[in-house]
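S.K.: The listed protein sequences correspond, in order, to chains P and D. Numbering (the working numbering) for the first sequence: 1 to 112. Numbering (the working numbering) for the second sequence: 113 to 230.
Take these hints with a grain of salt, some might be off.
[What the hints assert, rightly or not] What the simulated footprint calls covered on chain P by chain D, stretch by stretch (three residues with Cβ under 8 Å from a Cβ of chain D suffice, anywhere in the stretch; the number is not a length):
{"id": "1", "region": "45 to 54"}
{"id": "2", "region": "69 to 78"}
{"id": "3", "region": "99 to 110"}
[Unchecked claim] If you want the ones that stay clear, here's a sample from chain D, every Cβ over 12 Å from chain P, calculated:
{"id": "4", "residue": "Ala160"}
{"id": "5", "residue": "Thr161"}
{"id": "6", "residue": "Ala184"}
{"id": "7", "residue": "Ser201"}
Calculated from the structure, these hints are not laboratory results. Every residue gets a Cβ at the ideal spot worked out from N, C-alpha and C, and that includes glycine.
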Amino acid sequence: GENVEQHPSTLSVQEGDSAVIKCTYSDSASNYFPWYKQELGKRPQLIIDIRSNVGEKKDQRIAVTLNKTAKHFSLHITETQPEDSAVYFCAASTSGANNLFFGTGTRLTVIP
Amino acid sequence: GAVVSQHPSRVICKSGTSVKIECRSLDFQATTMFWYRQFPKQSLMLMATSNEGSKATYEQGVEKDKFLINHASLTLSTLTVTSAHPEDSSFYICSARGGSGNGYNEQFFGPGTRLTVL
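Please take these sequences and the hints and turn them into a complete structure.
M.R.: And the structure:
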């Protein structure tokens with residue numbers, strides 16, 4: 001089955017700096033890669049996703065890159081703000097399967 | 113769109129009792145719903161996949177007789193924790209697969225239920 005690894009487990013950045021979270025996956029058939037943000041005690045919320053037919057996607061301060069050859073994808077947050085502080089999860093899935101395989105999460109802290 | 117609700121948000125029960133958690137897709141039909149368990153500061157652990165009108169598929173190590181799942185309609189799935197014990201205390205989150213029809217597994221999460229078993 002799919003195995004998703006996520007690094008780092010914790011990340012602290014100064015407000016205004018960029019944050020990068022990286023994930024690797026094992027199943028070359030995976031073709032959908034969402035990123036979720038989870039604040040303490042709340043539901044995970046989809047913030048951006050990328051499909052295997054593109055290498056990069058951007059939405060304002062958030063971008064995701066995908067390298068299918070190397071089987072890794074990354075989340076980039078620019079101009080970080082304190083409200084970006086949360087736990088971020090990457091995930092991978094194949095179109096033929098039902099479920100998402102989640103990474104172990106990264107706790108991002110943005111220091112004002 | 114794509115709103116998923118979950119009820120109750122918090123429940124405290126005595127050891128040995130059963131607790132039912134409901135997961136509803138409010139504005140779309142979800143043929144597939146998922147139940148996750150999350151321990152503090154840990155990732156989401158998939159417990160089971162629930163398909164409307166059929167038996168749930170449980171992940172390895174999850175007791176199907178303890179965690180009963182029913183998906184009776186396209187908008188409702190329930191998880192019943194039977195004979196709950198303190199070790200069952202956790203944050204339970206459901207998700208529903210979006211009906212985009214393009215084959216991609218977009219999932220939308222409920223707000224979660226915090227279960228505390230005394």
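S.K.: List in ascending order the numbers of the hints, as given earlier, that are violated by the structure.
M.R.: Hints 2, 4 and 5 contradicted; others consistent.
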